[in-house]
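There are 2 protein chains.
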Amino acid sequence: MARPKPLSGFPEFLPRERLIELEVLDTLRETFELHGFSNVETRAVEPLSQLSRKGDITKEVYTVSRLHADEHDKSELGLHFDLTVPLARWVLEHAGHLEFPFRRYQIQKVWRGERPQEGRYREFTQADIDIVGRGELAAHHDIEAPLVMLEALEKLHDRIGLPPVLMHVNNRKLSEGFYRGLGVEDTLSVLQIVDKYDKIGADATVELLGSELGLDTDTARRCVALASIHSLDTGFVDQVRALGVSDPLLDEGLSELVTLIEEANRRVPGRIIADLSIARGLDYYTGAVYETQLVGHESMGSISSGGRYDSLASDGKSTYPGVGISLGVTRLIAPLIAAGEFSVTRSVPTCVVVAVDSEETRETAMDVAAALRARGVSCEVAPKADKYGKQIRYADRRGIPYVWFGGPIGEVKDIRSGDQQPADANIWMPSRDDLRPGVHAAE
Amino acid sequence: MARPKPLSGFPEFLPRERLIELEVLDTLRETFELHGFSNVETRAVEPLSQLSRKGDITKEVYTVSRLHADEHDKSELGLHFDLTVPLARWVLEHAGHLEFPFRRYQIQKVWRGERPQEGRYREFTQADIDIVGRGELAAHHDIEAPLVMLEALEKLHDRIGLPPVLMHVNNRKLSEGFYRGLGVEDTLSVLQIVDKYDKIGADATVELLGSELGLDTDTARRCVALASIHSLDTGFVDQVRALGVSDPLLDEGLSELVTLIEEANRRVPGRIIADLSIARGLDYYTGAVYETQLVGHESMGSISSGGRYDSLASDGKSTYPGVGISLGVTRLIAPLIAAGEFSVTRSVPTCVVVAVDSEETRETAMDVAAALRARGVSCEVAPKADKYGKQIRYADRRGIPYVWFGGPIGEVKDIRSGDQQPADANIWMPSRDDLRPGVHAAE
Numbered sequence: 252m253a254r255p256k257p258l259s260g261f262p263e264f265l266p267r268e269r270l271i272e273l274e275v276l277d278t279l280r281e282t283f284e285l286h287g288f289s290n291v292e293t294r295a296v297e298p299l300s301q302l303s304r305k306g307d308i309t310k311e312v313y314t315v316s317r318l319h320a321d322e323h324d325k326s327e328l329g330l331h332f333d334l335t336v337p338l339a340r341w342v343l344e345h346a347g348h349l350e351f352p353f354r355r356y357q358i359q360k361v362w363r364g365e366r367p368q369e370g371r372y373r374e375f376t377q378a379d380i381d382i383v384g385r386g387e388l389a390a391h392h393d394i395e396a397p398l399v400m401l402e403a404l405e406k407l408h409d410r411i412g413l414p415p416v417l418m419h420v421n422n423r424k425l426s427e428g429f430y431r432g433l434g435v436e437d438t439l440s441v442l443q444i445v446d447k448y449d450k451i452g453a454d455a456t457v458e459l460l461g462s463e464l465g466l467d468t469d470t471a472r473r474c475v476a477l478a479s480i481h482s483l484d485t486g487f488v489d490q491v492r493a494l495g496v497s498d499p500l501l502d503e504g505l506s507e508l509v510t511l512i513e514e515a516n517r518r519v520p521g522r523i524i525a526d527l528s529i530a531r532g533l534d535y536y537t538g539a540v541y542e543t544q545l546v547g548h549e550s551m552g553s554i555s556s557g558g559r560y561d562s563l564a565s566d567g568k569s570t571y572p573g574v575g576i577s578l579g580v581t582r583l584i585a586p587l588i589a590a591g592e593f594s595v596t597r598s599v600p601t602c603v604v605v606a607v608d609s610e611e612t613r614e615t616a617m618d619v620a621a622a623l624r625a626r627g628v629s630c631e632v633a634p635k636a637d638k639y640g641k642q643i644r645y646a647d648r649r650g651i652p653y654v655w656f657g658g659p660i661g662e663v664k665d666i667r668s669g670d671q672q673p674a675d676a677n678i679w680m681p682s683r684d685d686l687r688p689g690v691h692a693a694e
Numbered sequence: 252m253a254r255p256k257p258l259s260g261f262p263e264f265l266p267r268e269r270l271i272e273l274e275v276l277d278t279l280r281e282t283f284e285l286h287g288f289s290n291v292e293t294r295a296v297e298p299l300s301q302l303s304r305k306g307d308i309t310k311e312v313y314t315v316s317r318l319h320a321d322e323h324d325k326s327e328l329g330l331h332f333d334l335t336v337p338l339a340r341w342v343l344e345h346a347g348h349l350e351f352p353f354r355r356y357q358i359q360k361v362w363r364g365e366r367p368q369e370g371r372y373r374e375f376t377q378a379d380i381d382i383v384g385r386g387e388l389a390a391h392h393d394i395e396a397p398l399v400m401l402e403a404l405e406k407l408h409d410r411i412g413l414p415p416v417l418m419h420v421n422n423r424k425l426s427e428g429f430y431r432g433l434g435v436e437d438t439l440s441v442l443q444i445v446d447k448y449d450k451i452g453a454d455a456t457v458e459l460l461g462s463e464l465g466l467d468t469d470t471a472r473r474c475v476a477l478a479s480i481h482s483l484d485t486g487f488v489d490q491v492r493a494l495g496v497s498d499p500l501l502d503e504g505l506s507e508l509v510t511l512i513e514e515a516n517r518r519v520p521g522r523i524i525a526d527l528s529i530a531r532g533l534d535y536y537t538g539a540v541y542e543t544q545l546v547g548h549e550s551m552g553s554i555s556s557g558g559r560y561d562s563l564a565s566d567g568k569s570t571y572p573g574v575g576i577s578l579g580v581t582r583l584i585a586p587l588i589a590a591g592e593f594s595v596t597r598s599v600p601t602c603v604v605v606a607v608d609s610e611e612t613r614e615t616a617m618d619v620a621a622a623l624r625a626r627g628v629s630c631e632v633a634p635k636a637d638k639y640g641k642q643i644r645y646a647d648r649r650g651i652p653y654v655w656f657g658g659p660i661g662e663v664k665d666i667r668s669g670d671q672q673p674a675d676a677n678i679w680m681p682s683r684d685d686l687r688p689g690v691h692a693a694e
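Chains as they are written, first to last, in my numbering: chain E, 252 to 694; chain V, 252 to 694.
To be clear, the hints were calculated from the coordinates, so they are not data collected in a lab.
One thing to keep in mind: the hints can contain errors.
Because identical chains cannot be distinguished in the list, a pair is counted as satisfied if it fits within a single copy or across any two copies.
Unchecked claim - Straight-line C-alpha distance at most 16 Å; calculated EDC-like pairs for lysine to aspartate or glutamate:
#1 K635 / E610
#2 K635 / E387
#3 K256 / E327
#4 K635 / E350
#5 K360 / E374
#6 K360 / E292
#7 K641 / D608
#8 K641 / E350
Turn these sequences into a full structure, and let the hints guide you.
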């Protein structure tokens, strides 16, 4: 068989790269669990009818069918393209077994049947947190969800040198209240046009608001002026007030956004900005909305987005409001890994290679390894009773820092320094930094 | 929307059940990494041509296609049905970046387009370890791989009360050498018929060996006699010798099996049995073969199987021999969970609910939670400034053991005992058992 070629859009990592991804996933899990989020996994497939509810995305769905399906098995299934549609279905299905507000995190692959194209992923990992209520969900959760994600991203910044982030936040109530205060009725359409402001500029947006929605120039200019407001602190409030619009929903939105900015600056300073151009095109958001940029890598687009939705799902009896934020794990780290932004201290979990003198004493080497493993030290027994030099090279090629010689009372060599010391396999421990592979920002 | 119904064959866990699965997955990962296995994930899809190489399994493949595929995108893809076919492809694709022998573990979902039927999974998680060589791979790895899996299963026995296992092992060289020593040429066909011995009995097997392969009765009886041999120690050697057959390959197989049994009894006593009826129908095994039963749950079939294969893959220049063993995680735990074999101390990661006196002091409660989290204690701030009784019930319904009252210098109540003590959020720690949800055998 010839050497297989990669499939466009289906990224795969080498072991060394996977160590970086694992470090990211472990940090996410740790943070989410510290905040009381329960892990959930949903099946990879949903009925096509579920997946096509958001009209627009239908074209990107991968359908799944049995190669030899028979007449009785014409169930139409597709691979999930996000973790929100499955969550909505799962919550309805299991609501009777859940306590609300229900906090869940979910880290899974999702699939999109995109046209093959540079930088487009057809399979990628997402990490989502959501807090779902039954009937009601307090507004303070709209502050909590983005703070949890910011905390995770900040840990990644501290631990492995992920570039810092800047989360751009807005509130749908603020924008909708503002438009309403201006006498505009179809606020969603305004939102969707203003969403293009970043790309097409102020004048074109004003024109579009006039030609498409019939807004007069003054009204359109004020809509665009609103979208141009941003501030790292609560200064945005005065700028909004200066536009001379008032509406109770606007006040509610302003107040919620103020609390979010204040709380974020208290908990994770300098990582959030009120940015009233953030609209999030999707129609289900009803309050806070979030988009996150990696500082210095803004061209990557938003790496973590989400918001408040007043109806994740409804089963006739109850409506389930929620707030959530999603991190595009693959989208975030695959380009950084490819660009060599991280270094890993070694490519394997192994900390110690136990050398083998001769095949007859392999069992002794296995005893040494068992003693070290019993205390959490990852070991391999050398695969062959080669000359010591070759066994040391086996370790060196993998970046394994230590080689053990002799029995449980033997000697351990740090192959980086050449330092070799007597050691007891029931006592010896490597330094904390050497115990596990370490991920760091590349120099 | 009406309450959705589960999809047959696609099991999903509730948060409490997922905690059990996570404990299993964490223990597997810990064990595999302690033995120096690197984690790899492969994409969920493979070209259909790859998946259909093992003729027989083709019918169970799920195909994947873009809902709106265009002319240029007629790639034929299917979901992987195991982790061995992807490994073979991945090793060939990335061989230039790997060091051999290469040790990898892989824990992922796999899919099989089975007819919907009780107890058949269409999506399930497998955990595989393999050691892959380039050109050659020493026989001692055939002992290592099953011992690593046994160690993981023994940890699960000790930690969460997974029933003990008994691994049934044989060696293809032993059987094939024996058949060869009897003058049989088509040893694979004998193996495949003898594989039915457990189901159809000795007489029917002898008859089949005669009618299908033309073996004389004495030869057929000795083939069946071989399959009936099993021993917890190395007693099987004398029983084989007593059948009066000799062949160099038989000697090699006997010797390898003796070493495996001896080593396993030394490292994980009482969990292995030489069972010469184990054949593993698949034609690619060439040495040691393993099947594992859960004691008291033998009707589940083998929960962990594998063996030695001399050619996982070949790219013309090099051949890649390997040895591996796979654990059917879902297959193992889903029935045990459904049968109530495990109990979990709580359904959420949360250890402490920080009570909220009034919405005005929510920020103080958030400070308490932040202080506790900084030292690894999972917290939630109560969602509502209800009466304390209601906030305690919020914790109680989730099995959360502690409720915190007041600020960072406050009081913490163990709601199980009712005991309430002054505590400092920068110092206080729960007991080790309470820190994380615990999984145990049900009483």
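Do the hints match the structure? See the list:
1. With identical chains, the CA atoms of K635 and E610 are at most 16 Å apart within one copy only, with a shortest distance of 8 Å there and 67 Å across copies.
2. For the homomeric pair K635 and E387, the shortest alpha-carbon distance between copies (11 Å) is at most 16 Å, but the shortest distance inside one copy (64 Å) is not.
3. Taking the closest pair of Cα atoms, K256 and E327 come within 16 Å of each other only across two copies (15 Å); inside a single copy the shortest separation is 30 Å, beyond that limit.
4. With identical chains, the CA atoms of K635 and E350 are at most 16 Å apart between copies only, with a shortest distance of 14 Å across copies and 56 Å within one.
5. Proximity of K360 to E374 under the C-alpha cut-off of 16 Å is found in both arrangements, the shortest distances being 6 Å within a copy and 14 Å between copies.
6. When the C-alpha separation of K360 and E292 is checked against a cutoff of 16 Å, the pair qualifies both within a copy, at 10 Å, and between copies, at 11 Å.
7. Taking identical chains as interchangeable, the C-alpha atoms of K641 and D608 lie at most 16 Å apart only when both belong to the same chain, with a minimum of 12 Å there against 67 Å between chains.
8. Taking the closest pair of Cα atoms, K641 and E350 come within 16 Å of each other only across two copies (14 Å); inside a single copy the shortest separation is 59 Å, beyond that limit.
Going down the numbered hints, you'll see the structure goes against none, and every one checks out.
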